Amino acid sequence: MMSQIPPEFIVKIDYDTCRRCRRCVMNCSFGCMQFKDRVVPDHKKCVACHRCVTFCPESAISITKNELTYKDSANWLPETRQNILKQAETGGILLTGMGNPRPYQILWDHMLIDACQVTNPSIDPLREPMELRTFLGRKPNRLEFTRDGNDEIELSTELQPQVKLDVPIVFAAMSYGAISLNAHRALAMAAKNSGTLMNTGEGGIHKDLNSYTDNIVVQVASGRFGVTSEYLNSSAMVEIKIGQGAKPGIGGHLPGEKVGEDISKTRMIPVGTDALSPAPHHDIYSIEDLSQLIYAIKEATDYTKPVSVKISAVHNVAAIASGIVRAGADAVTIDGFRGGTGASPMVIRDNVGIPIELALAAVDQRLRDEGIRNNASILCAGSIRNSGDVAKAIALGADAVVIGTAALVAMGCRVCQKCYTGNCAWGIATQKPELVRRLDPQVGAERLSNLVTAWGYELQEILGSLGVNSIESLRGSRERLRGIDLDEQTLKLLGIKPAGIGQ
Amino acid sequence: MRCDCYIPSGCAVSGIMSKAGERMDGNDIIRSIALMHDRSNGLGGGFAAYGIYPRHANEYAFHMMFDNMEVKDQCEEYFKDTFDIVLDEEIPTRPGAVFEQDTSGRSAECGTQPITSPPILWRYFMDVPEHRTKFVSEREYVVEKVMDINSKFTGTFVASSGKNMGAFKGVGYPEDIGMFYKLDEYKGYIWTAHGRFPTNTPGWWGGAHPFCLLDWSIVHNGEISSYGINKRYLEPFGYKLELRTDTEVVAYLFDLLIRRHKMPMDLAVKALASPFWKDIDRMPKREQKIATAIRQVYGGALLNGPFSIILGYSRGMVGFNDRIKLRPMTCATKGDDMLYMSSEESAIREITDPDTVWSPKAGTAVIGELNGEVE
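Going down the list, the protein sequences come from chains A and B.
Counting from 1, position 363 in the first sequence corresponds to residue 389 in my numbering; the numbering is continuous, with no gaps.
Counting from 1, position 180 in the second sequence corresponds to residue 187 in my numbering; the numbering is continuous, with no gaps.
Keep in mind the hints are simulated off the structure, nothing from the lab.
Owing to the predicted nature of the structure, the values given are computational and were not obtained by experimental measurement.
Even for Gly, the Cβ is constructed at its ideal location relative to N, Cα and C.
One thing to keep in mind: the hints can contain errors.
Unchecked claim - Not the full set, but computed from the structure, chain B residues with beta-carbon under 10 Å of chain A: (1) Lys238; (2) Tyr240; (3) Glu242; (4) Pro243; (5) Tyr246; (6) Leu250; (7) Leu264; (8) Arg267; (9) Trp284; (10) Lys296; (11) Thr299; (12) Ala300; (13) Tyr305; (14) Gly307; (15) Leu309; (16) Leu333.
Just need the whole structure built from these sequences, with the hints factored in.
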């Protein structure tokens, strides 16, 4: 059957300046560029990953959208029609990568941050200390003290394990398998440099990363890949993954062709077999089952590490999070419906879940209403795009934010949404050795650290303008946010006032 | 009576304490706060005095403000249901302008600007009925009732609710308020005072400082930039923050940390004005462990933004600043007995010739405690 799907992009080559070096041909991992006396692009294969554009020494390549004119319809958009064509040709589920691209309202962009004028002075972060240090883990509601024989005060409350972050920004769970070992290495190095955490995702941990223990969150997901006692103990924190924002209620599938020697060892499955993560954990069919797993992990790690639970933001997220905290979790990661993925059915990614802004506000408020907010840290994931988003998330009540897509973009990702093909031209979401090689872990780590450092400086500027010198004075301080162009109900759910209203 | 808008303010504060528990009249504190006249703008002033009701020392003294007789009757019904009223009476005042003969010759400086349209000011000395404290402590019970009245009764406000102490406050310059309430006729071992400079609409009587709960009283110069989270931190513990003034969070935080969580005073101050991590990292192990745990657990209680605060309570007086001292505070002592705290050194020198004067470091509390029992 001949495909009726028109190309999405048009690749233009300026043959006057092209000097036929073939660098673009070598760099294109999607087979778009061919050399027949001169470079000839196959437009249908272009994904707009910009690899060729970036590496062309003459800047002779440009990529444009294929502006095919269709008969106008606000309902039957070109993309809608193309998706139908694809399914008519294949009879399959439409797969996609990265986060929800649909033009839903982005609530971060409808929140504005306060600043000080006259009555309370702003603080200059270049001259005064400005503290971002954050601790993840369960805190008691109060401390108790005793006096020893010399009348010295002693702390008699024993605190549960806490993980220290120098900045309230951690890297998201992305498995070895979904992304390359070099990407994992870069994330681990950057986490160490920046005093924060990377998350292994569900694919186990490669032995090369053993020296990064203090900066690694190991994940236990429904596939239980690579989960051993040693794995659990070579971490700063353990995370049970229940759901992912991009595909709530859906499992995972790493195709067998990606399972080479190294991944096979790390995941503890035979080479070439599909790695299937079931939709639910087959030993968790209720909140009490989750509690058992939480305590099984705590036993296995001798109560030395916080255990977090990651869920996707769904309608009833507040009650679910409350149950999770009461089940013994020391942290809850909430992943909003714009969160990224290596592969997800498009229909799920684009239609299931709720925005992280609303989920975060609901969870923080619910835990406070129940008097258990101190019992767990809240991590907020699902499309944190800049330090403004970070500040707003923290003001809504997050202890720290989780960045996945932003971290990948820092390493070179162009958000072309083709992660599931394994052809990532930037060496990130691929297992092909010749592509993985393109990502230098050292360079990747430096770029990641730069991003975290830059956002950290910007957060300090925001705190200073708010007249506070510590991140805990912003955390949950919704009084410092105002909504703009939001309806009354949304404002109420976010717990913020509309812009124009004073205190 | 109640004003529904938030009023940021600049201010003057002053405090005097006799560690021996010797009681003195209100003239000194009025002179001290009067000297800082220009730090307030006539929209709020007030005093807290400890040791003023020795004959009713074991009863809770409720200083009340009512908009009219109707709400007063309603509140009285409530008091009859919830407390045993031992005595109730109007709080004595000198309404209108004050004349020299009323004030032992002091009116040239103080009390010349008439205090107008006060609410009905009434005080109740009450016991908590024994059967009411089966499930909660007596003090917890009183806090619940204060929260109840301030949040549910319109036109009614509890100005103070401690034993053997009281708050005297209103709209006006503090020295005029002092004369209005006849503070020259009371005797106390701790006095604190506040002159207010609200920066927009006129203050309301209840919104003036000190802000009190049980025997805690707070006078506060500054603005709590972390108000939003402090409020949300307190709410799950049952505190109702209805007054739209950041000062109330300070009073409730002390109540929570010291009365309910039983923290020593110096550690409570460490939670409210925490040392910086850079300093904690250099502390000796034991101290470091305590400071770290306090910041981890009580992050929501950290007060941020510019402030100088004087806390009064039955057993003492505590002064402290924000973590980078964005508002002034000077302390002084005279002999072994007297401790002074003020926004300006001049306000101390106005009333005494101190032996030592110092400006406490940012975030470091000056704690004055009674040496023994009160006379």
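Violations among the numbered hints:
5, 6
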